[in-house]
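K.L.:
Residue strings, one per chain:
Number of protein chains: 2
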Amino acid sequence: MQQFNNISIHQYNRDTISTWFQTLQNNICQQLEAVEEGARFQEDSWERLGGGGGRSRVIEGKYIEKGGVNFSAVHGELSEKMQQNLQLESNEFFATGVSIVLHPTNPFVPIIHMNVRYFETQQNWWFGGGIDLTPHYVSPEDARFFHQQLKNVCDQHHPDYYPKFKTWADDYFFIKHRQETRGVGGIFFDRLIENEHFTKEERFEFVQDLGNSFCPIYLHLLQKNKDAIFGEREKNWQLLRRGRYVEFNLVWDAGTKFGLETDGRTESILMSLPPFAQWKYNYQTELNSSESFTLAHLRKGMDWLTDTES
Amino acid sequence: MQQFNNISIHQYNRDTISTWFQTLQNNICQQLEAVEEGARFQEDSWERLGGGGGRSRVIEGKYIEKGGVNFSAVHGELSEKMQQNLQLESNEFFATGVSIVLHPTNPFVPIIHMNVRYFETQQNWWFGGGIDLTPHYVSPEDARFFHQQLKNVCDQHHPDYYPKFKTWADDYFFIKHRQETRGVGGIFFDRLIENEHFTKEERFEFVQDLGNSFCPIYLHLLQKNKDAIFGEREKNWQLLRRGRYVEFNLVWDAGTKFGLETDGRTESILMSLPPFAQWKYNYQTELNSSESFTLAHLRKGMDWLTDTES
Numbered sequence: 001m002q003q004f005n006n007i008s009i010h011q012y013n014r015d016t017i018s019t020w021f022q023t024l025q026n027n028i029c030q031q032l033e034a035v036e037e038g039a040r041f042q043e044d045s046w047e048r049l050g051g052g053g054g055r056s057r058v059i060e061g062k063y064i065e066k067g068g069v070n071f072s073a074v075h076g077e078l079s080e081k082m083q084q085n086l087q088l089e090s091n092e093f094f095a096t097g098v099s100i101v102l103h104p105t106n107p108f109v110p111i112i113h114m115n116v117r118y119f120e121t122q123q124n125w126w127f128g129g130g131i132d133l134t135p136h137y138v139s140p141e142d143a144r145f146f147h148q149q150l151k152n153v154c155d156q157h158h159p160d161y162y163p164k165f166k167t168w169a170d171d172y173f174f175i176k177h178r179q180e181t182r183g184v185g186g187i188f189f190d191r192l193i194e195n196e197h198f199t200k201e202e203r204f205e206f207v208q209d210l211g212n213s214f215c216p217i218y219l220h221l222l223q224k225n226k227d228a229i230f231g232e233r234e235k236n237w238q239l240l241r242r243g244r245y246v247e248f249n250l251v252w253d254a255g256t257k258f259g260l261e262t263d264g265r266t267e268s269i270l271m272s273l274p275p276f277a278q279w280k281y282n283y284q285t286e287l288n289s290s291e292s293f294t295l296a297h298l299r300k301g302m303d304w305l306t307d308t309e310s
Numbered sequence: 001m002q003q004f005n006n007i008s009i010h011q012y013n014r015d016t017i018s019t020w021f022q023t024l025q026n027n028i029c030q031q032l033e034a035v036e037e038g039a040r041f042q043e044d045s046w047e048r049l050g051g052g053g054g055r056s057r058v059i060e061g062k063y064i065e066k067g068g069v070n071f072s073a074v075h076g077e078l079s080e081k082m083q084q085n086l087q088l089e090s091n092e093f094f095a096t097g098v099s100i101v102l103h104p105t106n107p108f109v110p111i112i113h114m115n116v117r118y119f120e121t122q123q124n125w126w127f128g129g130g131i132d133l134t135p136h137y138v139s140p141e142d143a144r145f146f147h148q149q150l151k152n153v154c155d156q157h158h159p160d161y162y163p164k165f166k167t168w169a170d171d172y173f174f175i176k177h178r179q180e181t182r183g184v185g186g187i188f189f190d191r192l193i194e195n196e197h198f199t200k201e202e203r204f205e206f207v208q209d210l211g212n213s214f215c216p217i218y219l220h221l222l223q224k225n226k227d228a229i230f231g232e233r234e235k236n237w238q239l240l241r242r243g244r245y246v247e248f249n250l251v252w253d254a255g256t257k258f259g260l261e262t263d264g265r266t267e268s269i270l271m272s273l274p275p276f277a278q279w280k281y282n283y284q285t286e287l288n289s290s291e292s293f294t295l296a297h298l299r300k301g302m303d304w305l306t307d308t309e310s
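Sequence lines, in order, name chains V and R. Here this note's numbering is used: the first residue of the first sequence is 1, the next is one more, and so on. Here this note's numbering is used: the first residue of the second sequence is 1, the next is one more, and so on.
Honestly, the hints are just simulated from the structure, not real lab data. Possibly wrong hints are sitting among the right ones.
[Stated by the list, open to error] Listed below are several chain V residues computed to face chain R (Cβ distance under 10 Å; list not exhaustive):
#, residue
1, Gln42
2, Val58
3, Gly243
4, Ser268
5, Ala277
6, Tyr281
7, Asn282
[Stated by the list, open to error] Keeping only pairs whose Cα atoms sit at most 30 Å apart, straight-line, the calculated DSSO-like set for lysine-lysine is:
#, chain 1, residue 1, chain 2, residue 2
8, R, Lys81, V, Lys176
9, V, Lys164, R, Lys81
10, R, Lys235, V, Lys62
11, V, Lys81, R, Lys164
12, V, Lys226, R, Lys280
13, V, Lys257, R, Lys257
14, V, Lys300, R, Lys257
15, R, Lys62, V, Lys235
16, R, Lys81, V, Lys300
17, V, Lys62, R, Lys280
18, V, Lys257, R, Lys300
19, R, Lys235, V, Lys280
20, R, Lys176, V, Lys81
21, R, Lys226, V, Lys280
22, R, Lys81, V, Lys81
[Claimed, not checked] Computed footprint of chain V on chain R, listed as stretches where at least three residues anywhere in the stretch have a Cβ under 8 Å from a Cβ of chain V:
#, region
23, 246-253
24, 265-279
Every residue gets a Cβ at the ideal spot worked out from N, C-alpha and C, and that includes glycine.
All chains should be built: construct the whole structure from the sequences, respecting the hints.
P.N.:
Structure representation (structure tokens):
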């Protein structure tokens, strides 16, 4: 796994951590632009009324139809409701991180999402994040590659990380009203605090390694599938699957809720929505089609590393 | 205002009320099919695991690109959370009503939504509902017509109804994270109980008159605009406005939340979503365009009956 820019000093505070996230944003944007051969990220810097701000970057390219790579570092006071939801002792908070959603042009390239973040209150701090893959067409080979890469990153830090965070992702990226997972999952984690087993440095190094794994993982899947031949049928299905992505993000996603309820910048929060989406009433897939194969695999508890088709 | 099928008996119970709603569904579907000259509603009857069921009808026509006219009559037990949200003394409920959302093909025809419903608990009963208009392009003339018709219905029942329910709609159909109203509003009301001013019969008659006003109101707007000439620019804008419709329904709409959290039939609840929608990052309208005119008018407190452009 390619690694660069991990911070080597031992004192981690808001500034060093948010500076690292900014660098991660720069690196990821640069590598995605290199693939796009022409399209460039459009950048908007913004300030939050309650404190802090961010740097949103959106690309509309040949291979990435619409993609956002956002950095933010915000602070201020939480509403009473939000404080209760997050079960915090105080309402003062600081949050910084990078959020990415890429909607590819080709239906055979999966949608990807990553978030890495650091949260601080007056009493405590923790890291959180996750990365998950939403193929329009499930490819067991691609899912295996994706999970193997994530397991490699996790295993470098703790043998419990992958199984625990994989299950957490299955539960988190679940569209309850459809009884479907959003895609083939990935990993999700929150409240990674300092304790007898982990120092702050070790927690942060895990988050850095995960952030640095984003480009090698996604560029492999993009390069492999970006020129796959598709027609109207596949584009149609892609738009239906994007509809589900919208449903998850607007109905269930805690990050979206947190953003909208803390008066975050709406355009930055909703950059995760696809360029186009479609809803068809009571759409049924054909028997034994690749669309029905996909639906049959959007379940919790799939073991993508071994035998997914058993 | 055309009226038919109002129930003349004095005893209103679950059965007579839900039967009237079924008749309303029949009448509305019949009148919409008459305009479509060929397209027919597709019907699905469904049962709810917890009790009751419904009859969903969806049309994909020439003028109505995607439209749903749903009837349901459900009963059972509410979750503790839902009971608290609704501030009810008991968790047993019965709910019946008709819900309509029509997404027209032509961007100059507005999206319309109506819901009329009756709710019963062990302690109490009430009527609720509303009707609101979401033009892709605001036409003050059409908005005036729409509000005048609603005021006519309201005024036949109580002089306070229109002003009170109009303000309620402004507050309800509001996309908080965009600081925009969903459209030009309409009326919204809930918990219309029996008291010293109104009998159950009078409350129900108001709901019946409103239900019966749907076709004359919408068919006027549809006939007037359905053949207006439009191009790619207008279709593009329509898809963006439909994106906002999705945002309102999935993030803020209490009816959608109630449906999804009480294990309602997902396909029937989400029939309100448009056939296609679009999101463009940080889209800006041109100065002095009809798109910017529209945005400038999506505000609470507009007096559509008199001078909207002052």
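K.L.:
Each hint needs a verdict: does it hold in this structure or not?
P.N.:
Hints and how they fare:
no. : hint                 : result
1   : Gln42                : holds (8 Å)
2   : Val58                : holds (4 Å)
3   : Gly243               : holds (7 Å)
4   : Ser268               : holds (9 Å)
5   : Ala277               : holds (5 Å)
6   : Tyr281               : holds (4 Å)
7   : Asn282               : holds (5 Å)
8   : R:Lys81 to V:Lys176  : holds (17 Å)
9   : V:Lys164 to R:Lys81  : holds (29 Å)
10  : R:Lys235 to V:Lys62  : holds (23 Å)
11  : V:Lys81 to R:Lys164  : holds (29 Å)
12  : V:Lys226 to R:Lys280 : holds (22 Å)
13  : V:Lys257 to R:Lys257 : holds (14 Å)
14  : V:Lys300 to R:Lys257 : holds (24 Å)
15  : R:Lys62 to V:Lys235  : holds (23 Å)
16  : R:Lys81 to V:Lys300  : holds (26 Å)
17  : V:Lys62 to R:Lys280  : holds (16 Å)
18  : V:Lys257 to R:Lys300 : holds (24 Å)
19  : R:Lys235 to V:Lys280 : holds (18 Å)
20  : R:Lys176 to V:Lys81  : holds (17 Å)
21  : R:Lys226 to V:Lys280 : holds (22 Å)
22  : R:Lys81 to V:Lys81   : holds (15 Å)
23  : 246-253              : holds (count 4)
24  : 265-279              : holds (count 12)
In summary, this structure violates none of the numbered hints.
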